[in-house]
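Protein chains in written order, with my numbering: chain P, 1 to 504; chain R, 1 to 593.
None of these hints come from the bench; they were simulated from the model. Worth double-checking, as some hints may not be accurate.
One-sided and incomplete, this derived list gives chain R residues near chain P with beta-carbon spacing under 10 Å [what the hints assert, rightly or not]: (1) GLY58; (2) VAL62; (3) SER64; (4) LEU65; (5) GLY66; (6) THR67; (7) PHE74; (8) VAL147; (9) ASP156; (10) GLY165; (11) LEU179; (12) THR184; (13) PHE188; (14) ARG216.
Straight-line alpha carbon distances no greater than 20 Å define the calculated EDC-like cross-link-like pairs of lysine to aspartate or glutamate that follow [unchecked claim]: (15) P/LYS161 <-> P/GLU137; (16) R/LYS377 <-> R/GLU160; (17) P/LYS370 <-> R/ASP156; (18) R/LYS377 <-> R/GLU461; (19) R/LYS377 <-> R/GLU363; (20) P/LYS363 <-> R/ASP158; (21) P/LYS363 <-> R/GLU160; (22) P/LYS370 <-> R/ASP158; (23) P/LYS370 <-> R/GLU157; (24) P/LYS363 <-> R/ASP156; (25) P/LYS370 <-> R/GLU461; (26) P/LYS370 <-> R/ASP241; (27) R/LYS377 <-> R/GLU538; (28) P/LYS363 <-> R/GLU157; (29) R/LYS167 <-> R/ASP108; (30) R/LYS167 <-> R/GLU157; (31) R/LYS167 <-> R/ASP156.
Virtual Cβ for every residue (Gly too), placed ideally from N, Cα, C.
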Amino acid sequence: MIENVPALLIVLPILVATLPLLVGLRYERVGWTVAALTTTAAFAMALWLALVIFTTGEAVIHQLGGFPRPIGIELVADRLSAPFVVLATGISMGVLAYTRRGGPRGNSFYSAYLLLLGGLLGLSLTGDVFNMFVFLEITGLTTYALIAKGKSGESAIAALKYLIIGTVGASMYLIGVGFLFVATGTLNMIDLATAIPQQAGYGNPLILTAFAFVFVGFAIKIALFPLHTWQPDAYQRAPDGATPLIAALVSTVSAYALFRLVYTVFTVEFLVSIPHASEIVVTVGSISVLAGSALAVMQRRVKRMLAYSSVSQFGLVVLAYGLMNDTALLGALVHLIGHAIMKGGLFLAVGTIAAGTGARTVKEYAGLAKRMPFMAGSLAVLGLALVGVPPSIGFLGKWFIAVGAIEAGIWPVAVVVLLSTMLTLGYIARLLERMYFTPAPTRGGAPEGSLATDGSGNDPTPGAVSAGMLGVTVLAALLAVALGFSGGAFDSLLGPFIEVILNG
Amino acid sequence: MVDVASIRPLAAVLVSFLAAGAIVASHRYPNVRDSWSVIAALTKFGIVASMLPGVMDGTVYVWSLGTFVPGVEFALRADPLGMLFALLASFLWIFTAFYATGYMRGLDEPNQTRFFAAFAMSLSTALGIAFAQNLVTIFVFYELLSVSTYPLVAHDEDAEARIAGRKYLAYTFFGGGVLVLAGTVLVFQLAGTVDFAAGGIPALAEAAGADPWFARLAFGLLVTGFGVKAALMPIHSWLADAMVAPTPVSGLLHAVAVVKSGAFGISRVILDVYGPDLAADLGVHIPLAIVAAFTLTAASIIALRKDHLKRRLAYSTTAQLSYIVLGLSMLHPYAILGGLFHIPAHAFGKLTLFFCAGAIHVETHTDYISEMAGIGKRMPFTMAAFTIGAAGMAGIPLIAGFVSKYYMLIGGLGAGGIGVIGAEGATMSPLMGTIFSGSLIVSGLLNIAYFWPIVYTAYFESENDHDAKPLLEFPMGGKPESYGVSVGRLTDGGKRIEDPEHETGYAVDRFPSDHAGADADDHEHEHDDHHGGGPPAEGWERRRPWAESTWLMLVPIGLIATGAIVLGVVPGQAVFFDLAVYIVETVTGVVVP
């Protein structure tokens, strides 16, 4: 039974994605219910799958159609993919609590939403590099659709921009896969790991080219500087209900896929044997940390600021990929998971605040602590967690990466990792100061969109903010803090896997 | 020492954390809300004090959550050094809780709920720092302390407070999130553990033998990181700016809990991470002592020129904290004892001074020393307490500050190998020992030079007949012409005349908006923050000591000033000295008589 769960996890959301449109012909608002039921079921299955994997310590492998490895396609749920499957289903469920009232409404949104979930789960579970391309495209296409659900013309432009740049990225990945196939004759990840050194050798130009294409392709999808240009527009212009999903999951799962490819397919021996391979990865990540933060500090709009913050945080993750020691890799994975929770929560808070008060720029956040104390508080907690104030998941990730950087002895990188605290503080502190220590403007300067006629117009608009929207944001903040005590747990869950990929 | 598992260290930390929640929850009822602070303070002190007999008998209370990050536990441990800081912070919070209520209500400040909640949180984290069992745990609380004191610094919500808050965040996060974290990671990497051990982590000593430069780098990072909060130069300037905070904050946090957490962190690093022996072997103590000696001299000189009372106190704090750091960094048992005892000695004295400054501000809205001529008539009791505190800062015998400075001087000479007491424990050249001891004496003189004029002007001058203080207000080296005629104001009927000295003072030091309304005569009932200071037009009203302010402020001032005397007259009877002796014994093995 358990070996069918990986397939079910992918097939269920994709098949059900047709239902909101079909049933929607008769019942107008069925989309949310369908999505909620499906996501809950998927979350339950993901938990079960994770439980089985972590208790038995064995990977769960599903052979699609019963065809064995060289010919058939495998779905692999192991210690690495299980946390991401739980994360993807869990965050999707949380975002649903927001979208019920916060929108975007309409059955087509929920169809795209379920397709996206299916694509993300596919990316997390697939054991085949070509199959990964298929899921990458499913994820990409549905993301374009979700961004375009925004009401303004800019949303359409942002979606188009992402469509073009994202497709270039996916195509580069496909070219890389092509080279791999030419060099080795197989597409299965586990086979590739042995076939690359045996049949081609690490120094083979085909393999080197494949690595370059795969890395650049995913750098686009992850939005590393300077290939990030689609991302701020996409995050900012997407509907408030879709941004948390995109920001928390799409880049995260792409980064997971890159990790999978680098360490399962190319393996650490490849990185070690190719001169400058790991240095390039580390450098790209470091530059992304610095540039992303610098760009974030300059933004006036909160969503855009947080978008650039993602550029910086993913830089930290990719930087850790290149450090090639167990502490740094653990840090990368913890920070990936932590960043998804924190950034998802931040965008949920931003969406809720926009719904309640219409505030969208840093300036308009003045005095927010009095108007929406819980949202301001959640934003503050999540922001400080992102800075790396302990105890929080943000600190854990940073601790592991910092220890790893010093263990690796690459001093400039260690400095970048440690300084990232200050860089993140640079843009988070602006928000804190605005929300808590800048009095709200009086009537004349009231934020646009609020009806400030009698001085009470800045209160949350009744009805626009639901308990679900508030609850899920507060939950994200609490989770970010509570997971700060899970350092030992992460180490025992993910440590053995990292041990295997590093030492064979 | 025997380790005993106990929930009490955690309880001591959590009490005020829970109180912060209760304070926010009861924000509609000010009396209920403010009583939470008092209840939490008393409970907290009770819990800490309940551990004291055990700790003095060699018991160490330990509470552990288990693994925090692999290889490091999240654990609290009430050892003697931690008890010294915890006892001090929780004891003084009791008085500050009363005083803060009086102060905040006296000024009718906004956002009192946030203020008291953040205050309680800060105390929680301060105790966490005191009881932290390893560098990672101390880092956790050190960062949380930065976060929870930020709302207190930026409390006023005006541009000045926001800028001070920004500076505060930038400095403390750079110190904590970057430098302390980096140092912690390095120590973890070198030694494989970050647990404190009295006299130094053995594994670190081995690693330092193999690679001394990494150990030195880690020491530098840690000490600089903690030095930010201890306001070592050149990373001190946040402290003076943070004086925009309400006075209870300046008092308890920026003279006791926050800045002492920095000094305490340095003492942990020197005594329990590296240990005096390893620090001496690495030679890292000399640069630190030089920085501390420079800071205490330079800060004292800067303090001379500050007309704003709280800013002068802030620079005095900067100097006094460096006494502690200097005492510790001389690595001599006597000097360490002096440095450790200076933690409570300075706390009692400086808290008295800040409370007095706050009381003056609440009652008369006077912030500038040049406007305090004759204020002894209006606030006789407050100024008497102020005199005691000031004498303690200068190290006058019979006040707490003397005892600590006495031991530091002996230790300084002993560290240089001079004289007969403890000269066998020399850690530096005689020249260095002399310079460091000399800097203590010079700074003591400077203390008198900047505190005495305040006392003098308050008691022995009157509002319409007071001189400029040559050392403080004139260019260094004096004025080229005779100043008796140009400055000594003559009056024409008792009315105060704005003299030119004051006009320039305004232009440099204060906001134009504060200038207006200096002649209002209802100071006691005036709640406007932007009210000007200085004496009313008809001169200071003469008040009796018990009628000069509310008992919520006078009683704490009196008790703490008494405490400063008790510590100075019978240090052996006050528990802090015994604790400090005990710590020195566990760390160095030397029993100081």
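So, going through the hints one by one against the coordinates:
Restraint check, R/GLY58 versus chain P: the minimum CB separation of about 31 Å is more than 10 Å; hint violated. At about 18 Å, the closest approach between the beta carbon of R/VAL62 and any beta carbon in chain P exceeds 10 Å, and the interface hint on this residue is violated. With 10 Å as the threshold, the beta carbon of R/SER64 stays out of range of chain P, its nearest partner Cβ sitting at about 12 Å, so the hint is violated. Taken as an interface hint, R/LEU65 checks out: its beta carbon lies about 7 Å from the nearest beta carbon of chain P, inside 10 Å.
Satisfaction of the interface hint for R/GLY66 is found here, the shortest Cβ-Cβ separation to chain P being roughly 7 Å, below the 10 Å cut-off. Satisfaction of the interface hint for R/THR67 is found here, the shortest Cβ-Cβ separation to chain P being roughly 3 Å, below the 10 Å cut-off. Hint status for R/PHE74: holds, given a least beta-carbon distance of 7 Å to chain P, under 10 Å. Satisfaction of the interface hint for R/VAL147 is found here, the shortest Cβ-Cβ separation to chain P being roughly 6 Å, below the 10 Å cut-off.
Against a cut-off of 10 Å between C-beta atoms, the interface hint on R/ASP156 holds, since the closest Cβ of chain P lies about 8 Å away. The beta carbon of R/GLY165 comes within 6 Å of a beta carbon in chain P, closer than 10 Å, and the hint placing it at the interface holds. The interface hint given for R/LEU179 is met, as the beta carbon of that residue sits about 8 Å from the closest beta carbon of chain P, less than 10 Å. The interface hint given for R/THR184 is met, as the beta carbon of that residue sits about 9 Å from the closest beta carbon of chain P, less than 10 Å.
With 10 Å as the threshold, the beta carbon of R/PHE188 comes within range of chain P, its nearest partner Cβ sitting at about 6 Å, so the hint holds. This hint is violated: R/ARG216 has a C-beta 15 Å from the nearest C-beta of chain P, more than the 10 Å allowed. About 15 Å separates the Cα atoms of P/LYS161 and P/GLU137, which keeps this hinted pair within 20 Å; it holds. Between R/LYS377 and R/GLU160, the direct Cα distance comes to roughly 32 Å. Violation of the 20 Å bound is thereby established for this hinted pair.
Of the pairs offered as hints, the one joining P/LYS370 and R/ASP156 holds, with about 15 Å between alpha carbons and a cut-off of 20 Å not exceeded. A distance of roughly 10 Å separates the Cα atoms of R/LYS377 and R/GLU461; the hinted pair therefore holds under the 20 Å criterion. A distance of roughly 13 Å separates the Cα atoms of R/LYS377 and R/GLU363; the hinted pair therefore holds under the 20 Å criterion. Of the pairs offered as hints, the one joining P/LYS363 and R/ASP158 holds, with about 15 Å between alpha carbons and a cut-off of 20 Å not exceeded.
For the suggested pair P/LYS363 and R/GLU160, the alpha carbons sit about 18 Å apart, so the restraint of at most 20 Å is met. The straight-line distance between the Cα atoms of P/LYS370 and R/ASP158 is roughly 16 Å, inside the 20 Å bound, and the hint therefore holds. At roughly 13 Å between alpha-carbon atoms, P/LYS370 and R/GLU157 fall within 20 Å of each other, so this suggested pair holds. Pair hint P/LYS363 plus R/ASP156 holds up; C-alpha atoms about 19 Å apart against a cutoff of 20 Å.
For the proposed pair P/LYS370 and R/GLU461, the alpha carbon gap of about 48 Å is over 20 Å, so the pair is violated. Proposed proximity of P/LYS370 and R/ASP241 is contradicted: the alpha carbons are some 26 Å apart, above 20 Å. Restraint check for R/LYS377 and R/GLU538: the C-alpha separation of about 13 Å stays at or below 20 Å, so the hint holds. For the suggested pair P/LYS363 and R/GLU157, the alpha carbons sit about 15 Å apart, so the restraint of at most 20 Å is met.
A distance of roughly 27 Å separates the Cα atoms of R/LYS167 and R/ASP108; the hinted pair therefore is violated under the 20 Å criterion. A C-alpha spacing of about 14 Å is found between R/LYS167 and R/GLU157, which places the hinted pair at or below 20 Å, so the restraint holds. For a cut-off of 20 Å, the pair hint linking R/LYS167 to R/ASP156 stands: about 15 Å separates their Cα positions.
In summary, the structure is inconsistent with hints 1, 2, 3, 14, 16, 25, 26 and 29 from the numbered list given earlier, while agreeing with the others.
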